[in-house]
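Starting from the known structure of chain A, fit chain B onto it as the hints suggest.
Number of protein chains: 2
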Amino acid sequence: MTTTQKFTYDSLFSERSEDTPVRKVAHAKYDFAVAYPAPETLPMYGLIDALKAKVDSDGERVAKEMAYYPHVFGSPELREFTSEKLKADRDIDVDADGIVLTAGSGEAIALLIQALTNPGDVVLTERYVYGGTLTQLQKFEADVVGAPIDELGLIPDALEETIKRLTAEGRKPKWLYTISENQNPTGSTLPESRRREILDICHRHGLPIMEDECYIDLRFDGEAQPAFRALDDSGIVMHVASYSKLIAPGLRMGYFVASPELTSRAMSFKHGSGPNQFAAYAITGFLKEGLQRHRDTFNPLLKEKSDAMQRGFADHFADSGATLSKPEGGCYAWLTMPEGKDISSIRDEVFEGGVGYLAGPNFAPNDDGQNCARLCFAFETAEKNYDGMALLAQLFRKHGVM
Amino acid sequence: MTTTQKFTYDSLFSERSEDTPVRKVAHAKYDFAVAYPAPETLPMYGLIDALKAKVDSDGERVAKEMAYYPHVFGSPELREFTSEKLKADRDIDVDADGIVLTAGSGEAIALLIQALTNPGDVVLTERYVYGGTLTQLQKFEADVVGAPIDELGLIPDALEETIKRLTAEGRKPKWLYTISENQNPTGSTLPESRRREILDICHRHGLPIMEDECYIDLRFDGEAQPAFRALDDSGIVMHVASYSKLIAPGLRMGYFVASPELTSRAMSFKHGSGPNQFAAYAITGFLKEGLQRHRDTFNPLLKEKSDAMQRGFADHFADSGATLSKPEGGCYAWLTMPEGKDISSIRDEVFEGGVGYLAGPNFAPNDDGQNCARLCFAFETAEKNYDGMALLAQLFRKHGVM
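Keeping their order, the protein sequence lines are chains A and B.
What the first sequence shows, in this note's numbering, is residues 24 to 425, in sequence order.
What the second sequence shows, in this note's numbering, is residues 24 to 425, in sequence order.
Careful: at least some of the hints might be erroneous.
Which copy is meant is left open, so a pair is good if it fits within one copy or across any two.
Each computed DSS-like pair below joins lysine-lysine, with the alpha-carbon atoms no more than 27 Å apart [said to hold, decoys possible]:
(1) 293 <-> 162
(2) 47 <-> 108
(3) 349 <-> 87
(4) 77 <-> 195
(5) 311 <-> 87
(6) 75 <-> 87
(7) 29 <-> 349
(8) 195 <-> 110
(9) 77 <-> 87
(10) 326 <-> 47
(11) 311 <-> 75
(12) 311 <-> 77
(13) 364 <-> 195
(14) 110 <-> 311
(15) 162 <-> 349
(16) 29 <-> 108
(17) 77 <-> 47
(18) 407 <-> 52
(19) 87 <-> 29
(20) 29 <-> 293
(21) 87 <-> 407
(22) 407 <-> 349
(23) 311 <-> 326
Just so you know, these hints were derived from the structure itself, not from any lab.
Looking at chain A on its own, in the form it has when it is part of the complex (with noise of 0.2 Å):
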């Protein structure tokens, strides 16, 4: 070993690069920050065992295609699954060419956003988005603005007057993002009548409508709405989903569906080939036995687990002011407490004392929230999510929001 002084890399780094640290990941007692889904479900004999039998009745070709780099696209025999899957569940009429497989819809919304945003064009969300989408919308440095929303999401009229203000502005925007089923922070779902009337807006003004449908899967109450995506073809719709919560996010296994010149352009930013072949088989043949009978699993489970949630907040926080929201799916319940009650700036402190939440800034394009929290109902048991909320009213108590 040469030993050198250490080699100073400061005026060499690109002017795009920034310093990013680790974020050290930490979790409270009763761990309501996180976005996981129920592991107690989480199937990896499932998984292993589907692995097994592809090798067992295929193998050669197995390793042939494990030999090879993916397609760009992804596993053909998953897309092909997912093609099956889109019409079966939610209408929507795609083969399997036009499906791309992603390392987690993560890298479907960054390939997409990159696709179309310059830096400084106007992407609306809703008012309070799913943090990683905000996050790249941030690094690609569009300007991220929340439209209004109600317990429903989306408020078709005021989504055309925030693009009217905008536009009169200088500022049109230039597409839309939205999770319309079991929404990423707030758990809403959007009527299809909404959905109806967002789509004449969005033609209106040419604005294309990303929506992503990651928590599709889980619903234990209500009905799916129809997907943007089955009730217009036209390719202004790009359909974003995954298999994180559905299976595992240990998987990295999400897609999107756009029209084909959107997707030649998204593809321009993809660096090497698709996502993990192991993981593909896995899913692949572990869905096509089980799909049904892994949603009959789970679903009853995140109900009850949402359900204490829900008891937990309605035994310890009656008179408080504040709101949950009553999801009928997903991974989510949104706290409001009321106006002025800043529960962003005790979060340390309230962690500290067991529970753990992200706090409503980090949802928020506008920079509010600071009276809200998404609190994960879906990774925590039952019983410890009914004694988290005990837990929670009695440190806002002790610190004063409450």
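Just chain B now, with coordinates in the frame of chain A:
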């Protein structure tokens, strides 16, 4: 479904986006164009057994980890294993926190390129360089210059002359990329003495070195030379490698080691979380048990395949004036026809005739190499390697280049 006119994206695409049609991959009868390891030794059952053993022994933890989003650096256990492997195999001292797992080495290279390269920056490579890296460098608008090589790889004196010449032209190189072991495409291994000289040169001129050791485990003759990173701990060396060639590209698992401040910059180009946790369990478990056994299985087979291609060349290209490099490992031999014999423009016809190869210009930052081709000896059987060389000679004669 509302029947609507096709939505037009034309004016909405970002300035940076480009049409990126999917490349159709076709396979010739004798497929030397690929970049694949030997499918015969791809250990699917070994991977599955390792995964199952992990779930059997540690199921609850696995379920929790799979339900989490992977650490942005990837699986801690696989990083721990990689740290031990780097010490044992390459005498590189780095702990698990200094290793970033990526979706293949392609992602590692893309992150580092972006951290170090502004549009127009000059990046040095070997005269013939891995096409994947070349494409990425060009995508990020680097000005790529190939430095002179011989059968041992980079030539230190010529490298320094190149640096001086470019600097005098106002094009001072920013950093150097090299595959120093079993190079892609030429198969060369750079001797230790040259590595030491190149380190001195790079220190003198302030050029970081990215060494790409994707082929380090694939060695059947001669001896691996010390890694640049083992010869110098100043931080000037970035070390990139992969489990794609050791186990399977379909697993999409590579990694890099860089100085902490460079790693922090590189991570600003990372989208989403770390790579596939599912594949990470399988890789870690499989290699912990059987790394050496696996190498002892596939390297003799690789040698047999390489030898067969060499015999085919010796028997059928005698007196042609052509040379074929004699790699001690890796996947590729480099065919050089006499100067002026253009085998690049007849590639499609030769493919139709039954032999696939990648022509020199795919690897040539300086736009030369029309008389050269990369032949992958790892994928086809030994018998097909021999027969394919016989057919290649026949086709070359038919097309008047031999």
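Each hint, compared with the structure:
Both within a single protomer and between protomers do residue 293 and residue 162 lie at most 27 Å apart by alpha-carbon distance, with minima of 16 Å and 11 Å respectively. Taking the shortest alpha-carbon separations for residue 47 and residue 108, only the inter-copy value of 26 Å comes in at or below 27 Å, while the best intra-copy value is 37 Å. Only between protomers do residue 349 and residue 87 lie at most 27 Å apart by alpha-carbon distance; the minimum there is 26 Å, versus 49 Å within a single protomer. Taking the shortest Cα distances, residue 77 and residue 195 never come within 27 Å of each other, neither inside one copy (51 Å) nor across copies (53 Å).
With identical chains, the CA atoms of residue 311 and residue 87 are at most 27 Å apart both within one copy (22 Å) and between copies (24 Å). For a Cα distance limit of 27 Å, the shortest separation of residue 75 from residue 87 qualifies both inside one copy, at 16 Å, and across copies, at 23 Å. In this assembly of identical chains, residue 29 and residue 349 lie within 27 Å of each other by CA distance neither inside one copy nor across copies; the values are 56 Å within and 38 Å between. For the identical chains of this complex, residue 195 and residue 110 are neighbours neither inside a copy (34 Å) nor across copies (56 Å), given an alpha-carbon limit of 27 Å.
Both within a single protomer and between protomers do residue 77 and residue 87 lie at most 27 Å apart by alpha-carbon distance, with minima of 13 Å and 26 Å respectively. In this homomeric assembly, residue 326 and residue 47 never come within 27 Å of each other (Cα to Cα): the closest approach is 30 Å inside a single copy and 46 Å across copies. When the C-alpha separation of residue 311 and residue 75 is checked against a cutoff of 27 Å, the pair qualifies both within a copy, at 14 Å, and between copies, at 21 Å. In the homo-oligomer, the alpha carbons of residue 311 and residue 77 lie at most 27 Å apart both inside one protomer (12 Å) and across protomers (24 Å), since each shortest distance falls under that limit.
Taking the closest pair of Cα atoms, residue 364 and residue 195 never come within 27 Å of each other, the shortest separation being 34 Å inside a single copy and 57 Å across copies. In the homo-oligomer, the alpha carbons of residue 110 and residue 311 lie at most 27 Å apart inside one protomer (14 Å), although the nearest pairing across protomers, at 43 Å, exceeds that limit. In the homo-oligomer, the alpha carbons of residue 162 and residue 349 never lie at most 27 Å apart, since the shortest distance is 32 Å inside one protomer and 47 Å across protomers. In the homo-oligomer, the alpha carbons of residue 29 and residue 108 lie at most 27 Å apart only across protomers (24 Å), although the nearest pairing inside one protomer, at 54 Å, exceeds that limit.
With identical chains, the CA atoms of residue 77 and residue 47 are at most 27 Å apart between copies only, with a shortest distance of 26 Å across copies and 38 Å within one. For the homomeric pair residue 407 and residue 52, the shortest alpha-carbon distance inside one copy (9 Å) is at most 27 Å, but the shortest distance between copies (61 Å) is not. For the identical chains of this complex, residue 87 and residue 29 are neighbours neither inside a copy (45 Å) nor across copies (40 Å), given an alpha-carbon limit of 27 Å. Taking the shortest alpha-carbon separations for residue 29 and residue 293, only the inter-copy value of 26 Å comes in at or below 27 Å, while the best intra-copy value is 34 Å.
Taking the shortest Cα distances, residue 87 and residue 407 sit within 27 Å of each other only across copies (16 Å), while inside one copy they are farther apart (47 Å). Taking the closest pair of Cα atoms, residue 407 and residue 349 come within 27 Å of each other only inside a single copy of the chain (18 Å); across copies the shortest separation is 64 Å, beyond that limit. In the homo-oligomer, the alpha carbons of residue 311 and residue 326 lie at most 27 Å apart inside one protomer (24 Å), although the nearest pairing across protomers, at 41 Å, exceeds that limit.
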